[in-house]
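Each protein sequence line maps, in turn, to chains A and B. Per my numbering, the very first residue in the first sequence carries number 1; after that it's consecutive. Per my numbering, the very first residue in the second sequence carries number 1; after that it's consecutive.
Heads up, a few of these hints could be off.
List of simulated lysine-lysine pairs, BS3-like, C-alpha gap at most 25 angstroms [to be verified]:
| hint | chain 1 | residue 1 | chain 2 | residue 2 |
| --- | --- | --- | --- | --- |
| 1 | A | LYS195 | B | LYS295 |
| 2 | B | LYS295 | A | LYS210 |
| 3 | B | LYS230 | B | LYS308 |
| 4 | A | LYS76 | A | LYS40 |
| 5 | A | LYS40 | A | LYS149 |
| 6 | B | LYS195 | A | LYS295 |
| 7 | B | LYS295 | A | LYS230 |
| 8 | B | LYS210 | A | LYS210 |
| 9 | A | LYS295 | A | LYS284 |
Just so you know, the hints here were simulated from the structure itself, not pulled from any lab data. Computed from a predicted structure; not experimentally measured.
There are 2 protein chains.
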Amino acid sequence: MFEELIQKLQKFDTVGVFSHIRPDGDCIGAQVAACLWLEKNGINAIGFNDDNVPLNLQWLAEFYPIQEPNEKALNKCDAFLVLDGNSPKRFGSYSDYIQDYPKPSFMVDHHPDPHDGFDLSISVEEASSTCELIFHLFLQNDVSQVDEKVAKALYTGILTDTGSLQYDSVTPETMNIASELLRLGEFRPNEVAEKVFSTKSLNQLHLLSKAMSTIELFEDNQIAIMYVTKEMLEETNTTNDDCEGFVAYPLSVAGIKAAILFKALGDGVKMSLRSKSNDVDVNKWARKVGGGGHKKASGAWHPGPLEKAIEDLVEIGAEQLVSVDKS
Amino acid sequence: MFEELIQKLQKFDTVGVFSHIRPDGDCIGAQVAACLWLEKNGINAIGFNDDNVPLNLQWLAEFYPIQEPNEKALNKCDAFLVLDGNSPKRFGSYSDYIQDYPKPSFMVDHHPDPHDGFDLSISVEEASSTCELIFHLFLQNDVSQVDEKVAKALYTGILTDTGSLQYDSVTPETMNIASELLRLGEFRPNEVAEKVFSTKSLNQLHLLSKAMSTIELFEDNQIAIMYVTKEMLEETNTTNDDCEGFVAYPLSVAGIKAAILFKALGDGVKMSLRSKSNDVDVNKWARKVGGGGHKKASGAWHPGPLEKAIEDLVEIGAEQLVSVDKS
Numbered sequence: 001m002f003e004e005l006i007q008k009l010q011k012f013d014t015v016g017v018f019s020h021i022r023p024d025g026d027c028i029g030a031q032v033a034a035c036l037w038l039e040k041n042g043i044n045a046i047g048f049n050d051d052n053v054p055l056n057l058q059w060l061a062e063f064y065p066i067q068e069p070n071e072k073a074l075n076k077c078d079a080f081l082v083l084d085g086n087s088p089k090r091f092g093s094y095s096d097y098i099q100d101y102p103k104p105s106f107m108v109d110h111h112p113d114p115h116d117g118f119d120l121s122i123s124v125e126e127a128s129s130t131c132e133l134i135f136h137l138f139l140q141n142d143v144s145q146v147d148e149k150v151a152k153a154l155y156t157g158i159l160t161d162t163g164s165l166q167y168d169s170v171t172p173e174t175m176n177i178a179s180e181l182l183r184l185g186e187f188r189p190n191e192v193a194e195k196v197f198s199t200k201s202l203n204q205l206h207l208l209s210k211a212m213s214t215i216e217l218f219e220d221n222q223i224a225i226m227y228v229t230k231e232m233l234e235e236t237n238t239t240n241d242d243c244e245g246f247v248a249y250p251l252s253v254a255g256i257k258a259a260i261l262f263k264a265l266g267d268g269v270k271m272s273l274r275s276k277s278n279d280v281d282v283n284k285w286a287r288k289v290g291g292g293g294h295k296k297a298s299g300a301w302h303p304g305p306l307e308k309a310i311e312d313l314v315e316i317g318a319e320q321l322v323s324v325d326k327s
Numbered sequence: 001m002f003e004e005l006i007q008k009l010q011k012f013d014t015v016g017v018f019s020h021i022r023p024d025g026d027c028i029g030a031q032v033a034a035c036l037w038l039e040k041n042g043i044n045a046i047g048f049n050d051d052n053v054p055l056n057l058q059w060l061a062e063f064y065p066i067q068e069p070n071e072k073a074l075n076k077c078d079a080f081l082v083l084d085g086n087s088p089k090r091f092g093s094y095s096d097y098i099q100d101y102p103k104p105s106f107m108v109d110h111h112p113d114p115h116d117g118f119d120l121s122i123s124v125e126e127a128s129s130t131c132e133l134i135f136h137l138f139l140q141n142d143v144s145q146v147d148e149k150v151a152k153a154l155y156t157g158i159l160t161d162t163g164s165l166q167y168d169s170v171t172p173e174t175m176n177i178a179s180e181l182l183r184l185g186e187f188r189p190n191e192v193a194e195k196v197f198s199t200k201s202l203n204q205l206h207l208l209s210k211a212m213s214t215i216e217l218f219e220d221n222q223i224a225i226m227y228v229t230k231e232m233l234e235e236t237n238t239t240n241d242d243c244e245g246f247v248a249y250p251l252s253v254a255g256i257k258a259a260i261l262f263k264a265l266g267d268g269v270k271m272s273l274r275s276k277s278n279d280v281d282v283n284k285w286a287r288k289v290g291g292g293g294h295k296k297a298s299g300a301w302h303p304g305p306l307e308k309a310i311e312d313l314v315e316i317g318a319e320q321l322v323s324v325d326k327s
């Protein structure tokens, strides 16, 4: 799968590696591992992201630095590798630069409906994570290059993009890769999981406590919603980043098919949609309001106010549930 | 590892299989899988437990029935196999019967300090779960007997006893077994995880919301505590069973070494102790008040009241933290 990409990458002196804006465990893990792969194979790598690395992932950025892009640094690069996003706009302020500049750009990703403007794309929607794909970059070339840093970076992405190895994207192969990463990196899962998940502040848990009290069910208990407001953040001295992972709570209600987290934090309402039914495609649902993502996990934005966003999204969901029932 | 046990079991017509009282995913998963193994190998099996199977595990009891023990049913058995507990008292009202009766009794377990009164014991403290051990029963004999039911039962125990494959008890081998179970059983992790974890009621989430607002830190932010009171249960129309897994929340606070969940539900205070530091052994800690378990996960009981239980347990924890600092 990676043979052609490896051949192409080996021709360059310096490759700029982008992870997507508003970064998460999978894009940072893939970026750090890809940069280490390049360095191990004699190619300079520069990691770029417009946004700061989230607090719970900063230990990964110690394995390989990630900097804000600027023209001077980008000019040093002979090619670009973009990870865990399939359209240039996912890569922030220099997306035009990546798209229009005559330097080659390559993509590795697992999201649906990839943009086709890259010189080479490895796009595998079935993969649990971009980190699972990047493991194959090592496997294809020299798996002994998977050291502790690479292994922990890749494990982070697999862990965070699969809800701790619980999603239906996890195949026996994903689990074998997780096993190999533990073996090659000589670590135990808690060493990564505690860094990634057990880094909550008291304030964040108090925010979660408030958010959980808002969970409500709609459409004959098929849709669960939860919301977070700007006031809740102020009361608990927290920020938007503290809401990471909150959507798992409405999703955990027995018997529901889909859940939505609404975040009314000032600029309209941001929404995270999740499905736990093969019948409910939240990608379609999110696209109706200009968002998108995966069948089981998507994002969208609504101008607000909160009550209107909830009403509209539940209504769209209700239509989809009806069409499921009729089919 | 299982050769001798298999030879012994094959001599009997009927084997009574016990899971421990107040059953969890690991003991029920192991029990169901062991009963299926016996049946597949021409031996009658009867599953026993004093207590009801928890709601989120009742789908497993459809794979193989588990009944309350009584003399008549016990008399049918030629031998007993006790699972996921290492002392007869863990198996409830008929523990004397198992212990004193001249019928052979066998144990498979992964808890420390096993009782030595069994005719044969397979006690592997390093194993992630009893289900991981029971997989070896199949591996030793005929791994093709791992069908969907067996695979899902064993996967349940591995999942629930490792905090969703996150604990330091998870080795590359554990992860390989998880992969094999997904392959042999032809399922994806969400099919088990959603049954086991995503079966919360609105009331339970509202109880969790209340409990999370009680999280406090002690001893220079090294110990986190959380509590649940009888009043909270009444206000949210919930029961003790709804507190399952709550201890993960105080444990998720960044930088702490140990967490305790206190449940003041009437008959004194029940406590779940968890460590996420190699330096802090909560088994030692729990033993000081007559409880016990594993280094990283133990249980205990205090006569109360709640405030006194918190004071005493934090004080014992503080002593242990001091002795760690001195060592």
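Cross-check of the supplied hints:
1. Our distance criterion of 25 angstroms between C-alpha atoms is met by LYS195(A) and LYS295(B), whose separation comes to about 20 angstroms.
2. With a C-alpha separation of about 33 angstroms, the suggested pair LYS295(B) and LYS210(A) falls outside the 25 angstroms cut-off, and the hint is violated.
3. Proximity of LYS230(B) to LYS308(B) is assessed by CA-CA distance (about 16 angstroms); at most 25 angstroms being required, the pair is judged to hold.
4. Simply put, LYS76(A) and LYS40(A) have alpha-carbon atoms about 19 angstroms apart, close enough for the 25 angstroms limit, and the pair holds.
5. With a CA separation close to 12 angstroms, the supplied pair LYS40(A) and LYS149(A) stays within the 25 angstroms bound.
6. Simply put, LYS195(B) and LYS295(A) have alpha-carbon atoms about 20 angstroms apart, close enough for the 25 angstroms limit, and the pair holds.
7. Of the pairs offered as hints, the one joining LYS295(B) and LYS230(A) is violated, with about 41 angstroms between alpha carbons and a cut-off of 25 angstroms exceeded.
8. Annotation: proposed proximity of LYS210(B) to LYS210(A) holds, straight-line Cα distance about 9 angstroms (limit 25 angstroms).
9. For the hint linking LYS295(A) to LYS284(A), the alpha-carbon distance of about 7 angstroms falls within 25 angstroms, and the restraint holds.
When held up to the earlier numbered hints, the structure conflicts with 2, 7 and fits the remainder.
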